[in-house]
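**Student:** Taken in order, these protein sequences are the chains called P and D. Numbering-wise (the working numbering), the first sequence opens with residue 1 and increments by one. Numbering-wise (the working numbering), the second sequence opens with residue 1001 and increments by one.
These are calculated hints, taken from the structure and not from any lab test. Each hint should be verified, as a subset may be incorrect.
No more than 25 Å apart at the CA atoms, straight line, and that leaves these computed lysine-lysine pairs for BS3-like [stated by the list, open to error]:
id, chain 1, residue 1, chain 2, residue 2
1, P, 47, D, 1368
2, P, 72, P, 316
3, P, 64, P, 252
4, D, 1521, P, 50
5, D, 1521, P, 67
Stretches of chain P that chain D covers, calculated by requiring three or more beta carbons in the stretch to come under 8 Å of a beta carbon on chain D [claimed, not checked]:
id, stretch
6, 53 to 60
7, 63 to 69
8, 85 to 94
9, 348 to 354
Beta carbons are placed, not taken as given, at the ideal position from N, Cα and C, and that holds for glycine.
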Amino acid sequence: MKNHRLSRRDILKVSTALVFGTYAAPLKAAAPEASSVTPTLIEAARKEGKVIWHTSVDLPVAEKIAKAFEAKYPGVATRVERSGAERVFQRIGQEYGSRIYSVDVVNSSDASHFIVWKRDGWLAPYVPEDVARHYSAEHKDADGMFATWRAWLSVIAYNTTLVKPEEAPTSFTDLLDPKWVGKIVKGHPSYSGTILTATYQMSRDLGWEYFEKLARQKVLQVQSSADPPKKLALGERAVQADGNEYNIFLLKESGQAVEAVYATEGTPLIVGPNGVFKNAPNPNAARLFQSWMFTLEAQQLMIEIGGLRSVHALAKEKPGRKPLKEIKLMKDDPVAVERDSEQIKARYTQYFRV
Amino acid sequence: MIGSLEEVRPRKAGIDLSWAVLLFAALTLCVLIILPVSWLIFYSLTDRAGSFTFENFLRLATDPAFVDPLLTTVLIATSVGIICCLVATPMSWLVARTDMPFKRTVRIFVMASFVTPPFLGAIAWELLAAPNSGLLNQLHRVLIGASSDVHLFDIYSLTGLIFVISCYTFPYVFVLVANALDRIPGDLEDVSSILGANTWITARRVTIPLAVPALLAGALVAFLQAMTLFGSPAILAIPAGFHTMTTKIWSLFQYPPKPELAAAAAVPLLVLTILLLRAEHMILGRRGYSVVGGRNSDPRIIRLGVLKWPALALCFLVLLNPVFLPYGALLNAAFSPVPSQLLSFENATLHNIEFVLFELSATRLALKNTFLLGALTASIGTVFALVIAYTTSRKAIAGHRTLAFLATAPVAIPGIVLGVGLFLSYTRPPFVLYGTLWILLIAFITISLPSAYQQLQAAFRGIHPELEDASRILGATRMQTLGRITAPLLRTGVIATWCFIFVGVIRELSAAIMLFTSETKVISVLIFDLNESGDLAAISVLGLMMLAITFAVVILANRIPGFGGDIRLRNA
Chain P
1 MKNHRLSRRD ILKVSTALVF GTYAAPLKAA APEASSVTPT LIEAARKEGK
51 VIWHTSVDLP VAEKIAKAFE AKYPGVATRV ERSGAERVFQ RIGQEYGSRI
101 YSVDVVNSSD ASHFIVWKRD GWLAPYVPED VARHYSAEHK DADGMFATWR
151 AWLSVIAYNT TLVKPEEAPT SFTDLLDPKW VGKIVKGHPS YSGTILTATY
201 QMSRDLGWEY FEKLARQKVL QVQSSADPPK KLALGERAVQ ADGNEYNIFL
251 LKESGQAVEA VYATEGTPLI VGPNGVFKNA PNPNAARLFQ SWMFTLEAQQ
301 LMIEIGGLRS VHALAKEKPG RKPLKEIKLM KDDPVAVERD SEQIKARYTQ
351 YFRV
Chain D
1001 MIGSLEEVRP RKAGIDLSWA VLLFAALTLC VLIILPVSWL IFYSLTDRAG
1051 SFTFENFLRL ATDPAFVDPL LTTVLIATSV GIICCLVATP MSWLVARTDM
1101 PFKRTVRIFV MASFVTPPFL GAIAWELLAA PNSGLLNQLH RVLIGASSDV
1151 HLFDIYSLTG LIFVISCYTF PYVFVLVANA LDRIPGDLED VSSILGANTW
1201 ITARRVTIPL AVPALLAGAL VAFLQAMTLF GSPAILAIPA GFHTMTTKIW
1251 SLFQYPPKPE LAAAAAVPLL VLTILLLRAE HMILGRRGYS VVGGRNSDPR
1301 IIRLGVLKWP ALALCFLVLL NPVFLPYGAL LNAAFSPVPS QLLSFENATL
1351 HNIEFVLFEL SATRLALKNT FLLGALTASI GTVFALVIAY TTSRKAIAGH
1401 RTLAFLATAP VAIPGIVLGV GLFLSYTRPP FVLYGTLWIL LIAFITISLP
1451 SAYQQLQAAF RGIHPELEDA SRILGATRMQ TLGRITAPLL RTGVIATWCF
1501 IFVGVIRELS AAIMLFTSET KVISVLIFDL NESGDLAAIS VLGLMMLAIT
1551 FAVVILANRI PGFGGDIRLR NA
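Please model the complete structure; the sequences and the hints are all you need to start from.
**Tutor:** Given below as structure tokens:
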């Protein structure tokens, strides 16, 4: 009897070669042309009436983006399905394994997911006009399957009422000082794509010994990379070892006592691509949404209300926030993350026990 | 229950239909229970290629990543069992057997702790007792003028977790013991007095021994609840850096999923539950004999004198923990700009409510799914339980004992284990139900069936078969009798059962967390999602909405005359 189990990465890997042969070849032949938003597309999207966006961006930010889209195109209700990128990835895999296709557009904070989805032939080629015109080659897929919707950093940060600026950590190794025992909060790489990506970059540049030592600092282990900044704002912990820079911006700008630190070793850079799924239940609304998401208007909104960074050539950074070019960055490498993902999670669990 | 009533033999004429009912009910029950459990055991005994192996269990028994959670779980469950007995016994005695004032109020608040979803309680306790931002710790620092590092409580710890689980588990013990004390006939105690014993000797020699079996049963139920709980450990243990069995099973389903290990890890929970339930059955079985025949006299009430006010204060001190403090923390967080900040007239905001109602796009779907599932589960579950209870209590057909056993069997399947089993069963042909509300409906019906059945069976036992016999003798058919005599008499019991299934569905998380998809999310799962991203204010608003719905339903159930409001606890 043929054993029909649920989809797993090892099975995916075996079938990758096949999928590549059948799907990738014709698509490679020619990158799709840029698509503009036509009245026909808008009309078709309205007929579908809704779009479902799976994302890992912090919920209030995601909902504001969704509301802005609804305001721009009334009649297309946007539902945000928000969870950690690794959770989103698992859920979509599990649902597709049971032939449940409820995904229109996905935004992941783990760029390596798009390598897998593309390889499995789950993505639809679609290049919004803005992507063709204003996005550099490194931020869009050569076959038009996805493009970088947002970029941000995973930073150290601290609560300014609990820690004086001169006593704040300046590097990742500073966090290993005994004075931070029981005062650190951090996210989890099995939940958050941001943390997984950051864990890869940091383990590569600082070595796994860093995490082995950090695990002995009695960290408060939360899940989402959006949570450490919130725990700082609550005053629950004094410093975060990792977490979203954009949440720190947003909290600080709303008057909370938090401050980001750009570590001397470099700060992990995270890119979050957006892609349309081939089996999208609302294909037209999905394309309309994808097109709008990359417009200067949406990108600027994402910067303003989301604290995120844009790779749109015309987007302007918000004054008062540290410009990206002034920050020493660690290099992102989705291919390596895709290769090492399981091992990173396993090793992390070994050190941090959960 | 044997021989308690005169047996009423059905007429032969009804046999065809009866057999159809029996067959249908038995088949349905088999599908509900045997299918998921078989898949679970099959998976636990196979490797990824599908061939037979003990490898999964071997790994379970040797890998500290599995052994530690198992030991932790047993430690937690044992502690919770003991704490619940220590807290619930004096309280239930005060309520059942003394002249303490406001006894009804105390019962109502115990009921409130019971219906509060444990995961919501755990989140509320994060707000109260997180070491630095917790409101109680802040208060403590203000009171003693300490620096920012001092804290009184740390909820992210093993003791914190045990405390929070106990808060929402002690009602099980309370109700069992209070019911037992209610039922101990006063004449046994009168005999003791007549023979010269004073109040306290009577209590020690008669009342307490008669209540001990119920207490032991309560301890076991508390142990089982603590062992199979998912939400509270997921919320409090993982931040503290440790796993329990339920969170471990759940984490095995995260990417990359290892269903065979999850299935194997679920088996010890299943076996332990079955063993403990056997033990409970034996203990409760004994109790049944000890008070036989003495149901008519009222229990004696002990006068506390001046002690009654301290006694009441003690009850409220206990109730502070599951009800007053957590509810206060949720209210505070719902209207406060930062959840760890105390609410005042200056800083009160409606922003969180606005966010949940108008911005959070998942709210509407989750509410719809929850209501739909609640209503459907309650309706189908009640009807199904009614059919089975009628069949077994009136011994309408041969084989009713099997039916009774099958109807109570799901008690032995912890929610998360059922979730794993159903997931494995219904993600493959011929039954691909994953991704639909059906799979959740099946899970919820299975989970709620035992208590619904027992509740309705008790209701049937309360109606004397003579009434039905009279109707049949006067020429009515079985169906007419059901419609005209039995149904009206059962109305209150049926409505109560419906309400309690509904409330149970709203607070269910452990099976739902394994089975939901983006289109079939329910409120409990949404709250769990929000907790993972740290959106405590949104949780507070949703949680309060959930509590409001729950209380509306419970109050409705309690307004029905003749219903005590706690029957469901009997075997949950």
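**Student:** Hint by hint, note whether the structure agrees.
**Tutor:** Verification of the supplied hints:
no. : hint          : result
1   : P:47 - D:1368 : 23 Å, holds
2   : P:72 - P:316  : 21 Å, holds
3   : P:64 - P:252  : 18 Å, holds
4   : D:1521 - P:50 : 18 Å, holds
5   : D:1521 - P:67 : 21 Å, holds
6   : 53 to 60      : holds (count 4)
7   : 63 to 69      : holds (count 4)
8   : 85 to 94      : holds (count 7)
9   : 348 to 354    : holds (count 4)
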